[in-house]
Amino acid sequence: MAYSDKVIDHYQNPKNVGTLDKAKKNVGTGLVGAPECGDVMRLQIEVDETTGTITDAKFKTFGCGSAIASSSLATEWLKGKTVDQALNIDNMEIVEELNLPPVKIHCSVLAEDAIKAAINDYRVKNGLEALQFEEKGVH
Amino acid sequence: MLSLPIYLDNNATTPMDPRVLEAMIPYFTQQFGNAASRNHPFGWQAEEAVDYAREQVAKLIGADAKEIIFTSGATEGDNLGIKGVFEMYASKGNHIITCTTEHKAVLDTCKHLEKLGAEITYLPVKADGLIDLAELEAAMKPTTILVAIMYANNEIGVVQPVREISAIAKKHGALFFTDGTQAVGKIPVDVQKDGIDIMAFTAHKMYGPKGVGALYVRRKNPRVKVTAQMDGGGHERGMRSGTLNVPGIVGFGKACELCRTEMEADTARIVKLRDKLENALLQIEESYLNGHKDYRLPHVTNISFKYVEGEGLLMGFNKNIALSSGSACTSASLEPSYVLKALGLGDDLAHSSLRFGLSRFTTEEEIDYTIEQITNTVLKLREMSPLWEMFKEGIDLDSVAWVHH
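Chains as they are written, first to last, in the working numbering: chain A, 452 to 590; chain B, 13 to 417.
To be clear, the hints were calculated from the coordinates, so they are not data collected in a lab. Among the hints, a few may not be true.
[Said to hold, decoys possible] With a cut-off of at most 20 Å between alpha-carbon atoms, the simulated PhoX-like pairs for lysine-lysine come out as follows:
id, chain 1, residue 1, chain 2, residue 2
1, A, LYS509, A, LYS476
2, B, LYS205, B, LYS232
3, B, LYS183, B, LYS104
4, B, LYS404, A, LYS473
5, B, LYS116, B, LYS153
6, B, LYS392, A, LYS466
7, A, LYS509, B, LYS404
8, B, LYS104, B, LYS71
9, B, LYS205, B, LYS78
10, B, LYS104, B, LYS153
11, B, LYS104, B, LYS116
12, A, LYS457, B, LYS331
13, B, LYS71, B, LYS153
14, B, LYS127, B, LYS183
15, A, LYS509, B, LYS183
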């Protein structure tokens, strides 16, 4: 299967690989997927508490090139967005941007799930209730 | 001078040896006759070429030329061998014993026969990929007509104890079929010494052309017959109708002859390269060899690199190195290799595996380059892997409540 140039670029030069201090109150961490499924994404956001803006985002991903590219792209998109804006990132936007083929759509869903899991972790840490999301059910 | 890309997927198919191509060429345009045309020189030439190739093929496996049935390849051979026995020996019984790591051409053939009333026992394999002979013995029944166990596995290269297996089958009055696709031409296979009654194999795994293979069918002690699965002109002693693929058969014969005369020298060289590759890659932390270390084909190694995903790993170098992975991230099922899972490997290790198949044409330079590329990519991806970070922090990954998708 041929990968798109954008997937290859993110794979070769991933953006924002790394780890934020998950003990900090303004850092939200999302860990989604499972080793036996062949995909695990950990996505973290650091939020400016006064403005609600995401000032930093980092990821680490175990998975195929499309999973790595989806999470790399997601961290790029998150930076500078408010938490509310980040909630609107839809997996199909990732699919379009990276030209993912149908068998790789689950990678984009995983990235969206990781964003939402990170936001919920941040919310719970700051005394807000966790949001409920619809299952995308692609896996 | 290193020429890229490098081909290390020789269990999938091998390049054709130029000497094989040379032997085939006249049979396309000049000696193009139908080997079944008995009344003119074109037919006689073709028949003579097929007879010669039949001798070459037979000689490689210690058989008689009359015992070679030409087919389109190993999948057809697996189908004809197993279905043909099931039909021919229906009055003796309906039980067939096979194992879980067989190629799909055998497993799906058995599943098909189950629908037609066959009883199939799928033996498990041990962690090293070998079947347990005591379990085979215990599975034998008065109704067992066939034991179908592969000679060597396509994913991990593990070589089954065929002599012991055939002895057990014989003792219980069953026939022994083996899928010899990966073994023939690579290691000594002798149908007499190994006690093989029926064996499927193919040219394109041994530097011959695609689209041609053979089924060995024993003629003495016992005389074995298989029911034809394709009706027609009664070619190949009535067991496989269809005009013979003369150029393909000529190429197959030549490929067999080259394997027979050069196997020893090829193996001595290839095994050194394989061991160099394997030893270097096993130096990487948390990398594991899959399958038995000794009962194995000399040109194959299968290694799991824990905490990195196989397809992601391949992407690091697959423009330059052709390999295959046990990961199934590209398949709709997302299921990793059933062979690796049959060894008891967790899905995580199965997803992290790479299969290397070397060939007659593999060079040391290529192996050195491969070692460097794979090592670098594994290390790079581990820096990116949350599982590696957790492992390094001493977190037991089995204790994590994963969000399953």
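A quick look at each hint next to the structure:
no. : hint                 : result
1   : A:LYS509 to A:LYS476 : holds, 16 Å
2   : B:LYS205 to B:LYS232 : holds, 14 Å
3   : B:LYS183 to B:LYS104 : holds, 15 Å
4   : B:LYS404 to A:LYS473 : holds, 17 Å
5   : B:LYS116 to B:LYS153 : violated, 25 Å
6   : B:LYS392 to A:LYS466 : holds, 14 Å
7   : A:LYS509 to B:LYS404 : holds, 19 Å
8   : B:LYS104 to B:LYS71  : violated, 32 Å
9   : B:LYS205 to B:LYS78  : holds, 18 Å
10  : B:LYS104 to B:LYS153 : holds, 11 Å
11  : B:LYS104 to B:LYS116 : violated, 26 Å
12  : A:LYS457 to B:LYS331 : holds, 16 Å
13  : B:LYS71 to B:LYS153  : violated, 34 Å
14  : B:LYS127 to B:LYS183 : violated, 28 Å
15  : A:LYS509 to B:LYS183 : violated, 64 Å
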